[in-house]
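Colleague: Which chain is which? The protein sequence lines are A and B, in order. Residue numbering for the first sequence follows our numbering, starting at 1 and increasing by one per position. Residue numbering for the second sequence follows our numbering, starting at 230 and increasing by one per position.
Treat the hints with caution; some may be incorrect.
As the list claims (entries may be wrong) - With a straight-line cut-off of 25 Å between C-alpha atoms, the simulated SDA-like cross-links for lysine to any residue are:
no., chain 1, residue 1, chain 2, residue 2
1, A, K222, B, I402
2, A, K222, B, A270
3, B, K316, B, V303
4, A, K154, B, K316
5, A, K187, B, K316
6, A, K187, B, P464
7, A, K187, A, Y93
8, A, K154, B, Q466
9, A, K187, B, A458
10, B, K414, B, F324
11, A, K154, B, A406
12, A, K222, B, Q274
13, A, K222, B, L462
14, A, K187, B, L249
15, A, K187, A, R145
16, A, K154, B, K414
17, A, K222, A, D204
18, A, K154, B, A272
19, A, K187, B, I459
20, A, K187, A, D28
21, A, K154, B, V463
22, A, K154, B, V303
23, A, K154, A, A80
24, A, K222, B, S271
25, B, K414, A, T69
26, A, K187, B, V465
27, A, K187, B, A272
28, A, K187, B, L415
29, B, K414, B, I402
30, A, K154, A, A113
31, B, K316, B, P464
32, A, K154, A, R192
33, A, K187, B, F324
34, A, K154, B, F324
35, A, K154, B, V468
36, A, K187, B, P368
37, A, K187, A, V198
38, A, K154, B, I402
Just so you know, the hints here were simulated from the structure itself, not pulled from any lab data. Predicted model, so just to flag it, every value in this text is computed and none were measured.
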Amino acid sequence: MGDPVNRAGQSMVLTVLGAVALRIAWTDEYARYVNAWMRWPLFVSGLLLVGLALTSLLSSKENDDHPTTHVAWLLLLPVAIAFVVQPPALGSYVAERRSNEVAPAAYEEAAVAPLPEGDVIDLPVSGFVARATMEGGGLEGRPVRLTGFVTHDKQGGWYVTRLTMFCCAADVSAFKVRVDGAEAPAKDTWVRVTGTWVDGTGIDPEAGATPAVTASEVTPSKAPTFTYE
Amino acid sequence: MTTTTAETRSTGRGDWQGWLVVGLLLLAVPAERLLGDLLAASAFQTWATVFLAVVVQSIPFLVLGIVLSGLISVLLSERLVARVMPKRTALAVPFAGLAGVALPTCECAVVPVANGLTRRGLPPAVALTFMLAAPAVNPAVIVSTAVAFGGRVDMVAARFVASLLTAMVIGWIYVWAAARFPALKLPTLRDRLHHHDGESRWERFLAAAWHDFLPAAAFLVLGAMIAAAINVLVPVQWVEAVAGHPFLAVLALTVFAFVIALCSEADAFVAVSLTAFSDTAKLVFLVVGPAMDIKLAAMEAGQFGRAFAVQFVPLVLVVAATTACLVAWVIL
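Could you put together the complete structure from these sequences and hints?
Modeller: Following this line, the structure appears as structure tokens:
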């Protein structure tokens with residue numbers, strides 16, 4: 001592996017890397033790793049990489065005067081991981097190691113917008129956590145429906161959980177709401193929890209406090225395409 | 230040079246390398262069967278997701294950087310660069326810092342661009358200033374910082390000023406010290422592409438793209454492997470343990486910014502969530518991250534030579550952390 005990579009090897013590496021970009025952008029897999037707006041830039045870059053690799057086939061000249069560093073072989077690692085491991089979107093492993101994080105951006109909307117009318121209100125988990133920190137933010141006595149995956153804690157409690165993402169899966173934050181009054185489903189299963197806010201829980205975000213709901217109904221749910229909020 | 234021997238060796242092994250790639254891809258299927266249990270472990274899968282996310286996220290920015298670098302190779306002649314730049318390199322440094330406002334991407338794109346600029350005869354110190362400033366002072370990063378900090382103008386201003394100052398100080402250090410201390414290594418370029426000067430613009434564009442992409446991307450992968458491991462293995466709580474101590478807090482967030490290697494458009498959101506830390510420590514995190522992190526260090530070692538990177542990386546870390554502390558003391 002110590003040899004500098006020749007032009008044929010370089011074309012090969014560029015082609016498979018381009019193929020990974022194309023595949024991840026073409027299928028819904030991009031949603032596991034990056035934000036939605038990255039899809040088209042990723043697709044275009046994949047095309048450009050494959051195109052660049054093709055120029056070496058079309059070129060009539062002997063081009064082996066450009067060997068590159070053998071570190072280039074490392075690029076096969078993301079290729080292998082994308083095709084063999086196909087790692088899933090992040091879930092309980094990350095979320096159980098974090099507490100609710102304070103992100104003013106997520107809180108601004110919750111502070112401005114009043115809760116919509118209706119019997120049962122669908123809320124994002126991060127929005128519910130944000131409202132709870134505002135002394136309830138109008139949640140008192142209102143039935144809400146939260147969709148997320150299941151995480152556990154060491155004391156036997158369980159949480160309906162979502163991760164939020166800014167650019168890519170390296171910068172996720174976790175938002176958890178404890179569920180009271182229902183049996184804990186298996187970790188990482190997706191559920192829809194209907195319930196009401198337990199008065200006074202989760203109003204101190206500085207301490208990483210977690211709000212709770214008393215569940216009236218817990219139903220299994222399909223994982224959404226965009227698992228990040 | 231070893232290149233000549235490498236060339237003669239590699240021509241004989243041309244097919245060998247192509248087949249290696251095919252072989253590895255074919256082996257992947259039985260490997261999955263054998264390693265199935267290990268591959269299914271949550272810790273490994275989480276690492277794989279974060280690693281792939283960092284790589285996938287940076288591919289479009291890297292391609293953009295390569296395209297810009299290629300355009301620079303084609304459109305900018307060395308004569309033009311010499312005419313536009315101020316005669317005194319020391320005066321060119323602040324211009325280069327402010328020019329960073331015009332490249333609204335995060336840091337992956339900027340290393341190849343700086344490489345392309347040096348290749349066209351821009352003094353290395355000036356290109357380094359541009360490389361350090363651009364990922365932190367451009368509009369996209371200013372906006373994301375403002376959003377993350379809920380519109381706090383002082384934080385946005387402090388980040389802009391401290392990042393710009395860091396880039397300029399490093400530039401001046403290289404202008405001033407390069408002439409006096411031969412021990413301070415300047416970036417070395419593997420190939421100045423001179424033998425392409427007679428060719429058409431399209432050929433020169435392709436040659437630059439071929440040269441720049443693979444080393445930059447490969448070293449980025451190396452950095453991403455380590456950053457993803459840190460991301461999975463080191464919980465934020467460990468870092469927060471020292472938040473109360475002013476000096477240790479700054480040190481901890483400098484190291485954290487270096488190893489976690491976040492995108493400069495996302496790091497403000499993470500900084501906000503480090504609630505246990507003072508604003509000064511958060512500013513250090515925001516100034517160090519875009520200027521230097523583990524994937525940038527790997528990319529710069531690949532593009533500019535290891536001897537250069539060994540001095541440049543610690544120098545930038547120290548200057549960035551110190552500047553951020555001073556700016557925080559004045560503004561925040």
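Colleague: All the hints need checking, so say for each whether the structure fits it.
Modeller: Hints versus structure:
1. K222(A) / I402(B): violated (57 Å)
2. K222(A) / A270(B): Distance of about 23 Å is within 25 Å: holds.
3. K316(B) / V303(B): Given pair K316(B), V303(B) holds - Cα atoms ~23 Å apart, limit 25 Å.
4. K154(A) / K316(B): Distance of about 66 Å is beyond 25 Å: violated.
5. K187(A) / K316(B): violated (65 Å)
6. K187(A) / P464(B): Since the Cα atoms of K187(A) and P464(B) sit roughly 20 Å apart, the hinted pair holds (cutoff 25 Å).
7. K187(A) / Y93(A): holds (9 Å)
8. K154(A) / Q466(B): holds (17 Å)
9. K187(A) / A458(B): Holds: K187(A) and A458(B) sit about 23 Å apart, inside 25 Å.
10. K414(B) / F324(B): holds (23 Å)
11. K154(A) / A406(B): Violated, at about 57 Å.
12. K222(A) / Q274(B): holds (21 Å)
13. K222(A) / L462(B): violated (29 Å)
14. K187(A) / L249(B): Roughly 40 Å between the alpha carbons, so the hint for K187(A) and L249(B) is violated.
15. K187(A) / R145(A): Roughly 19 Å between the alpha carbons, so the hint for K187(A) and R145(A) holds.
16. K154(A) / K414(B): This hinted pair is violated, its Cα atoms lying about 53 Å apart.
17. K222(A) / D204(A): violated (32 Å)
18. K154(A) / A272(B): holds (18 Å)
19. K187(A) / I459(B): holds (24 Å)
20. K187(A) / D28(A): Roughly 23 Å separates the two Cα atoms, so the pair holds.
21. K154(A) / V463(B): Roughly 19 Å between the alpha carbons, so the hint for K154(A) and V463(B) holds.
22. K154(A) / V303(B): violated (61 Å)
23. K154(A) / A80(A): Violated, at about 35 Å.
24. K222(A) / S271(B): The given pair, whose Cα atoms are some 21 Å apart, holds under the 25 Å limit.
25. K414(B) / T69(A): holds (21 Å)
26. K187(A) / V465(B): holds (22 Å)
27. K187(A) / A272(B): holds (15 Å)
28. K187(A) / L415(B): violated (53 Å)
29. K414(B) / I402(B): Cα-Cα ~12 Å, so holds.
30. K154(A) / A113(A): violated (35 Å)
31. K316(B) / P464(B): This hinted pair is violated, its Cα atoms lying about 50 Å apart.
32. K154(A) / R192(A): Holds: K154(A) and R192(A) sit about 22 Å apart, inside 25 Å.
33. K187(A) / F324(B): Outside the cut-off at roughly 54 Å; violated.
34. K154(A) / F324(B): Judged against 25 Å, a Cα distance of about 56 Å means the pair is violated.
35. K154(A) / V468(B): With a Cα-Cα distance of about 22 Å, the restraint between K154(A) and V468(B) holds, given a limit of 25 Å.
36. K187(A) / P368(B): Given pair K187(A), P368(B) is violated - Cα atoms ~41 Å apart, limit 25 Å.
37. K187(A) / V198(A): holds (23 Å)
38. K154(A) / I402(B): Violated. K154(A) to I402(B) sits at ~53 Å, over the 25 Å cutoff.
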